[in-house]
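Enquirer: In case you want the letters, here they are:
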Amino acid sequence: MIRELVILSGKGGTGKTSLTAAFASLAPNSLLCDADVDAADLHLLIRPEILRTEPFMGGCLARIREQDCTGCGRCLELCRFGAVRKDFTVDPLACEGCGVCVDLCPEKAIDFPVQQCGRWFCSSTRFGPMVHARLGIAEENSGKLVSLVRQEAMKLAEEQDRQLILTDGPPGIGCPVIAAIGGATALVLVVEPTLSGLHDMQRVTRLAAHFRVPAMVCVNKYDLNLEITAEIEAYAREKKMTVLGHIPFDPVFVEAMIASQNILEYAPRSKAAEAVKRIWAELTARASVQDLGIVDFNQVIQY
Amino acid sequence: MIVSVASGKGGTGKTTVATNLASVMGDAVALLDCDVEEPNAHLFLAPEIEEEKEVGVFVPEVDQEKCIGCRACVTICRFSAIAAAGKKILVFPELCHSCEGCLEVCPEQAISAGTRELGKLVSGKAGQVLFHGGRMRIGEAMAPPLIRAVRTKEEARPDTIIDAPPGTSCPVITAMRGTDFVLLVTEPTPFGLHDLKLAVGAVQTLGIPAGLVINRAGLGNDMVRDYAAQEGLSILLEIPFDQDIARAYSRGQLLVEALPGWRQSFIDLFARIKSEVEGRAAG
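Just so you know, the sequences run in chain order A and B.
First residue of the first sequence: 1, per our numbering; consecutive thereafter.
First residue of the second sequence: 1, per our numbering; consecutive thereafter.
Hints listed in this document are in silico derivations from the structure and should not be mistaken for laboratory results.
For clarity, every value in this text was computed on a predicted model and none was experimentally measured.
All C-beta atoms in this analysis are idealised placements derived from N, C-alpha and C, irrespective of residue type, glycine included.
It is possible that part of the hints are untrue.
Selected chain B positions facing chain A (in silico; Cβ < 7 Å) [unchecked claim]: (1) Leu43; (2) Phe92; (3) Ile138; (4) Ser169; (5) Gly252.
Each computed DSSO-like pair below joins lysine-lysine, with the alpha-carbon atoms no more than 30 Å apart [to be verified]: (6) B/Lys197 x A/Lys144; (7) A/Lys144 x A/Lys108; (8) B/Lys66 x B/Lys120; (9) B/Lys66 x B/Lys88; (10) B/Lys53 x B/Lys153; (11) A/Lys240 x B/Lys120; (12) B/Lys153 x B/Lys125; (13) A/Lys144 x B/Lys120; (14) A/Lys239 x A/Lys271; (15) A/Lys240 x A/Lys277; (16) A/Lys277 x A/Lys239; (17) A/Lys144 x B/Lys88; (18) A/Lys86 x B/Lys153; (19) B/Lys274 x B/Lys125; (20) B/Lys87 x B/Lys66; (21) A/Lys155 x A/Lys277; (22) A/Lys239 x B/Lys120; (23) B/Lys274 x B/Lys153.
So here's chain A without its partners, still in its complex pose:
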């Protein structure tokens, strides 16, 4: 039974990627998955050796064939996204790929080619296999790519007999996050002790509650604000989320980033590294991670 931990936060910049990379050192027999396809950074620490590259095909984009267009204006009338310009060319950034103009053009003058929106990769790393991706700039379909990356991670884990998938998740609560939560064994929420961090964590918690998935919380840079750290931990307990612990602010995380190492490789005896190890110990003691395929409903987020 392959388990998957998805690391989320709500807010950006709380330390998800740094922590995921650190867990990779601590988890025997794991596989890394970078599901933050929009602004993927995990590879900067992990330095994967890419073994396989695949194109990611997203939706289609309308393209009007000038030579066949009679300028009747039907497409302009029909488009709900303002993607058809007055000169009967299509703005690719506005085109939603709905295909309505394509289907209803009286001259059938509109092509609808499928777009390559990005690429995904299977790689080998010093921690084991890794699946990651790069969404093209200004592209849509990030949720679809997140789902794909997670599916491929599961396949690779089965092939290579890996018991645990560590998934670095995206910020926010929209489609990439929704695509990252479904089917996860448990979530790890990395929260910063700021008003924004608490606010955003509450929103992602409400989203995650819909999925009936257990969640665990750790506070990063906790010594920045002890009151808010306490508020976060209290909120977590109220929602039946396990409090894993907290990590002090430490510039050594940035130094490790610059050295392309995780915190345990770069500064194994630092207080930050000790805190991460304690968090990992708490995490692996959790029933939801231990039990084989049994979801403990008393452990899921109680909203």
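Place chain B on chain A using the hints.
Expert: Coordinates of chain B only, in the frame set by chain A:
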């Protein structure tokens, strides 16, 4: 002038810059919080809310009595939001992109306009600043439609500051498109640099002039600075890594209120952006 504040990487300081900029410019500006998934601007500006509106989009509603089962709606839908199960037509509103293709092709007028709630559009005043913010419904997958709704408030003041979401995909593009200037906020770290390059790519795709703010300067290395020089990207402001600044932020306090010495820096930043934009308009 409409300025969008974006980044690439999350947590670099977009909201910090946007809210402090708005605060010092007062009645000259409107602030639009377009990070509708995780809006934070209201935490710092504490606006008095005058209006709260539910924003919805079209989703089809099917009158099963009028439906003749021709499935034209199912055929046209590229998003699998409308499907046939035997004689019944099923709608999956969360998948609908509101293209209205089904409405258009139904031969029996069996489809009418229903609504899917996207979230709320909140409006008010934060001191002299006009505030509009979007707050996406939890469970809604698509941010861009609500972002577009927030941006309908763009012409309310002579100048608008948009607090954009993190990343470089469709929500950010929706927040940045058609603005006069993109202020990119970064941190001088490898992650900051990597994601800044993606953001610069997005800004170039949109053809909008940009400038840089380096936040938490001093915690990292010089690679962002070198990159900026290479790209001809002006560094318009640097905010140092500083415990007092971080603590004020953690409490939800505006930097220009906690440390009023910063007011002038943000006034100057706004003036620099304005002269860039006006320079281009003239030239």
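Enquirer: All hints are to be evaluated individually against the structure, with a verdict given for each.
Expert: So, going through the hints one by one against the coordinates:
1. Leu43: holds, 5 Å
2. Phe92: violated, 14 Å
3. Ile138: holds, 5 Å
4. Ser169: holds, 5 Å
5. Gly252: holds, 4 Å
6. B/Lys197 x A/Lys144: Holds. B/Lys197 to A/Lys144 sits at ~23 Å (cutoff 30 Å).
7. A/Lys144 x A/Lys108: holds, 29 Å
8. B/Lys66 x B/Lys120: violated, 34 Å
9. B/Lys66 x B/Lys88: holds, 11 Å
10. B/Lys53 x B/Lys153: holds, 13 Å
11. A/Lys240 x B/Lys120: It holds: about 28 Å lies between the C-alpha atoms, which stays within 30 Å.
12. B/Lys153 x B/Lys125: Given that 30 Å is the threshold and the Cα spacing comes to 13 Å, the pair holds.
13. A/Lys144 x B/Lys120: At roughly 26 Å apart (the allowed maximum being 30 Å), B/Lys120 and A/Lys144 satisfy the hint.
14. A/Lys239 x A/Lys271: holds, 29 Å
15. A/Lys240 x A/Lys277: holds, 22 Å
16. A/Lys277 x A/Lys239: holds, 24 Å
17. A/Lys144 x B/Lys88: Answer holds: A/Lys144 to B/Lys88 is near 28 Å, not above 30 Å.
18. A/Lys86 x B/Lys153: Since the Cα atoms of A/Lys86 and B/Lys153 sit roughly 25 Å apart, the hinted pair holds (cutoff 30 Å).
19. B/Lys274 x B/Lys125: holds, 23 Å
20. B/Lys87 x B/Lys66: It holds: about 12 Å lies between the C-alpha atoms, which stays within 30 Å.
21. A/Lys155 x A/Lys277: It holds: about 28 Å lies between the C-alpha atoms, which stays within 30 Å.
22. A/Lys239 x B/Lys120: holds, 25 Å
23. B/Lys274 x B/Lys153: holds, 20 Å
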